[in-house]
Amino acid sequence: MNAGIFGFCFAGLLLATFPSVVSAEELPPSVLGNTLNPTGSGLTDRVDPRGMTLFKQRVSRSPAGILYDTPRVPSIIAPGGWTGTVDIGVLTNDGPEEATEFNEYTDWKRSALVAFDFFRLSEDGRGYTELSVGAVGRDDQYGSLEFGSYGSYVINVVHAKTPHVFSQDASAFFDGIGSEYLALPPGLVPGANSSDEIDLALTVSDRGTLSIERTLNGMSFKLTPNEDVTLFLDFTSERQQGERPFGGAFLPTFYAGSGSGGVVETIEPVDYLTHSLSLGLSAVVGSYWLNFSYNGSLFENKKDSLTWENPFTNRVGDPFTLERGRFALYPDNQSHNLKLDFARSLPRGQFTTTISWTSMTQDEDLLPPTINTGQPRPNLDLDDWNTLDALPRKRADAEVQNMLVQSSLNMVLAPRLTFRAKLRYQDEDIRTDYTAFNPSIQQIGYVAVDGGFGNRSFEPGVNSSPFQFRSIPFDRKTLEMTAAIDYRPWRKTNLGVEIAREEVDRENREVSSSDDDLIRLTLSSRRLSWATVNLSYEYSQRDGDDYDPYPYARFFTASLPGYQSPFGTTPPAFTLDAMRKFDVADREVAKLKARVRFLVRDDMDISVQLQREHTDFEADYGVDYNDRDTFSVDFNFQPSPTTNLYAFWSWFNRASEMANIRDTGFSPDLSAGGSTYPLDSAWRESTDERSYAYGFGLSLHLTRWQFSSNLSVSDSSTQMDYSFASSNALAAPGASGNPSGRFPDIEHRNLQWTTEIDWYLTSKLTLRFFHRLDAGELDDWHFDGLQERIGNQLYLGIDLDDYEVNTFGVSVRYTH
Amino acid sequence: MSVWMRRGSGALGIFLVLAYAIACTPTRELVTKSQTQITGDYLGEQICMSCHQAESSHWVHTLHARIFRNPRNELEAKSCEACHGPGSRHLVDVNDRSRIIAFTRQSQTPIMQQNNQCTTCHAGKTHLYWLGSSHQLNDLACSDCHNPMAEFSASGLLRTAGVSKTCSSCHRQEFNEFRKRSHMPLIEGKVSCIDCHSPHGSVTSPLLAGDSVNQVCFKCHAEKRGPFIWEHAPVRDNCLNCHEPHGSNHDQLLTTARPFLYQQCHTNRGHPNDLLTEANLGSGTRPDPRILNRSCQNCHAQIHGSNHPSGVRFHR
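For the protein sequence lines, the chains are A and B, in the order given.
The numbers in our numbering rise by one with no breaks, and the one at position 481 of the first sequence is 481.
The numbers in our numbering rise by one with no breaks, and the one at position 151 of the second sequence is 1151.
Calculated from the structure, these hints are not laboratory results.
Please note: incorrect hints may appear among the correct ones.
To be verified - Once the Cα atoms are required to be at most 27 Å apart in a straight line, the calculated BS3-like pairs of lysine-lysine come out as: (1) A:Lys394 / B:Lys1165; (2) A:Lys302 / B:Lys1165; (3) A:Lys302 / A:Lys394; (4) A:Lys492 / B:Lys1165; (5) A:Lys303 / A:Lys222; (6) B:Lys1224 / A:Lys593; (7) A:Lys303 / B:Lys1078; (8) B:Lys1224 / A:Lys591; (9) B:Lys1224 / A:Lys222; (10) A:Lys394 / A:Lys492; (11) A:Lys591 / A:Lys492; (12) A:Lys56 / A:Lys591; (13) B:Lys1224 / A:Lys56; (14) A:Lys56 / B:Lys1078.
Claimed, not checked - If you want the ones that stay clear, here's a sample from chain A, every Cβ over 10 Å from chain B, calculated: (15) Asp175; (16) Asn193; (17) Phe652; (18) Tyr722.
Cβ atoms here follow ideal geometry from the backbone N, Cα and C, with glycine treated the same way.
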């Protein structure tokens, strides 16, 4: 940390003369709900026909002009009393069970519907107990038990289940799905099967569901010894279990000859356990505010690796049989964060400082470089590499530290003039340093795809293309400075001008240092009686140092003594020098946002939102530009406390273009138009994506009935076009027919129409009828003609299902 | 770090110290104080309830009311007038909106003062960064999102039944993103906006509930936190380099379709820069795993980073 930054931090600490609170980002979940009660709100939903007040004929608006909801009929709870609601019913639907999207995050299987709320106030009115439970099916459920004393303490215990379905019709080709070892079905042998033998096994294999279920249990404790101090402790434990589609490669089939290579879509076993702890305190002492917190997260993956047997022949005629591959799955890791927020309220404003330090570590036992035995190449004996002795160290010893220091000052210069300044410094320090070195044979390198592809051992004096042998620390330091003036020319109107500069220093990236300068103009006004207006425009420009297309040289073997290139001392081209990676490249961004809420009548408003964002990279190769435009209109009508009608329509468009050049030569020449990247191999791709969303809703609350109906439709289409200088740009020149220049559109349509009728049998008993129509369509060219086996490629054969499902429910709700 | 950066940070540090000193000087014109102070006598809740029976019937069941029933200080004991100010002048002319602190569009009370009424008790904690936040700069009032007069939501005394519904009143476009093909399970009630955003202000733009985008994502996706022995630079930098935060028309909330997502950055010599066309689809004449199904990730499966000694290119 240099002197300037140190001075800044010191200034922050100096000003933080102590006393005060915590910012503690709360642990998930922030909502306990399910598909039928997504807000997790109470079950008592009879609307009070009086509205909020007897003095107004119309519903009140918030200061920004939003019509307030009508409150529900209040429950009368005296000290010592209780209230409760139980809702029990059944759900059924006529849908295809394999419709993945329909079941993606819920459990619509024909089953019971259960919901339960209970609230009790203690005799002295200070204490309370609250219980809330809801379930759709077995997997989409939540529960919460809370008790405490008002203004003193709260103890909360939560439980939540979330399903995530990836496919309900995936091929169960392998034996051992869900375990760390996927074995070929009986009759097949690893690494040597004919296509017919594999097809025969596929025809008799089952199909099944791939899904993950998250089960979260947690508790939180909040103690407020006095109104100025709060102590808190949150703990959650989340288990994720299931399976999901995963990759798997040997010799890439596009490099292999006919009948060779192997790409296998495997199934990853998921068995995660994450413990999270957050504790700290918040305090207010006079004009001082302080937050201090510790946030820890311990992640454990009970499945360390995934091994799968290779159904294919890696190289026809090769005496070496490639039997299996092995993944290292996500390693156990932990994160610890300490955070201090300090603020002081000043006579003219407020000063705030945050200091946050995070350490993320991972020290998993490493696997040997390969699981296989044998000799795929004359100079590669896998027995030298399939042992832990082939590792330079046995554990990962990986660490990232992150430091954030931010200070800001808000100051009133004059009654209508406010000044803001902010200084933010963030330092991400990657401390991992791993070298792929086999000490047993004193060789730098590794085994590519378990022996299936080439040789990745460095041999001094032998011509070779360089390869990465050492981990790359992508350290990053960011300094952001902001200054802004806000001026109120009139009452209820605010004008703002903000300028900011963000300077980023990166280690081992294509742009080592860049400046991002920004200006932002804002206007917000409630001055007009008939509208609320929010406008903003910002323009930013990122300029960086000279772009280095190959900043990783010292982590590649070309940097080692004795490296010999086919071209003498110069290694072959690594990449195209004109390619610009969009995350670090120079760019200009212009953003316009407008949000206007028209208060058409006392009981009606129309809200219009417009956003245009243009990002221009001006790159010859890489992303050229990226535009995003959105427009939406909302209509809301509340003629009485018991009636609400709304509608919305929105449009989203994204357009972008990118370019690339296929390498067709082998030389040290990095330039566009050179021998490696000739211009007749150049190509461009453009994306034009349009999405619409629209819907309406009506709710009507009568004396004995309540009716609501809500429709929402989403319709998205992505058009992808391409052009190319010549057939040399194509993956398979001469074998690709006559490309049309356009992919089939990726299209997704989704409709949900929910209707509910509540019939109030008595003041306490309600009979509820529920119907929901779900319909969906999905077309995506990634899955066009995707069979379970295509040459030496094996897939799970997941189909994209269209669906139309009617779900019916009936329940009885009793409220005490 | 550049000379400019060193000098700039040092200068701004010094500036902040000076500005701090200036800000400490007393002044008669303070924005943090009421511009239309309500004066008068406190009347007590019973007087209020004599007219506002309907309001009271809703309010008495809220968290505020229950805390005020067991007051910890003088202010809480004032019940209705703790928020609305002394009511005696309001009683003289109930139609004059300037005589009472109110929290609606029709109110004569400036937003700053409305919000100050709330922060009298709700100071600090997550509100530390309210000043200067985008919501504050857009002149939002606490009562634009909260309605403490009745119990609409399970927690937080929100204006509607839940967090996401409240946010969607203004952020309709973002809300609609959750209806797309791949999306976070928000409309299914499994996450809400505040799992990722801190609406009261934050140290990270856009009002993120964490020090960085990735630290927000890691709260639910701890497995991707690593660190790994082989890191993928844009992944370590920012998840949003490849993923949309709310929803996408592509698989896995990706910003665009694979393999073009990867080809935006990669043109390494070998196979990454070949133009794949519809001829390479499963229905085409030359099916190619680089464009089918998971595309590049059919082989480079560990794209978020690998912990395998041979996982340099994320194959293992």
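Between the alpha carbons of Lys1224 (chain B) and Lys56 (chain A), is the straight-line distance 27 Å or under? violated, 54 Å
Assess, step by step, whether the Cα of Lys303 (chain A) is no farther than 27 Å from the Cα of Lys1078 (chain B), and give holds or violated. Roughly 59 Å between the alpha carbons, so the hint for Lys303 (chain A) and Lys1078 (chain B) is violated.
Verify the proposed pairing of Lys56 (chain A) with Lys591 (chain A), using a straight-line Cα cut of 27 Å. violated, 41 Å
Hint check: Lys591 (chain A) vs Lys492 (chain A), CA-CA at most 27 Å. Holds or violated? Within the cut-off at roughly 24 Å; holds.
For Lys394 (chain A) and Lys492 (chain A), compute the direct alpha-carbon distance and say whether it is at most 27 Å. The hint is violated at about 65 Å.
Pair hint outcome, Lys56 (chain A) versus Lys1078 (chain B) [Cα-Cα no greater than 27 Å]: Cα-Cα ~25 Å, so holds.
Hint check: Lys303 (chain A) vs Lys222 (chain A), CA-CA at most 27 Å. Holds or violated? violated, 35 Å
For Asn193 (chain A), which was marked as not at the interface, is the minimum beta-carbon distance to chain B over 10 Å? The claim stands: Asn193 (chain A) keeps its Cβ more than 10 Å from every Cβ of chain B (closest is about 18 Å).
Would the hint linking Lys302 (chain A) and Lys394 (chain A) be met if the CA-CA limit is 27 Å? Distance of about 19 Å is within 27 Å: holds.
Would the non-interface assignment of Phe652 (chain A) survive a Cβ cutoff of 10 Å against chain B? violated, 7 Å
Minimum Cβ separation between Asp175 (chain A) and chain B greater than 10 Å? Check passes; 21 Å lies beyond 10 Å.
Holds or violated: Lys1224 (chain B) and Lys591 (chain A), Cα atoms, limit 27 Å. violated, 31 Å
Checked against the numbered hints given earlier, the structure breaks hints 1, 2, 5, 6, 7, 8, 9, 10, 12, 13, 17 and 18 and satisfies all the rest.
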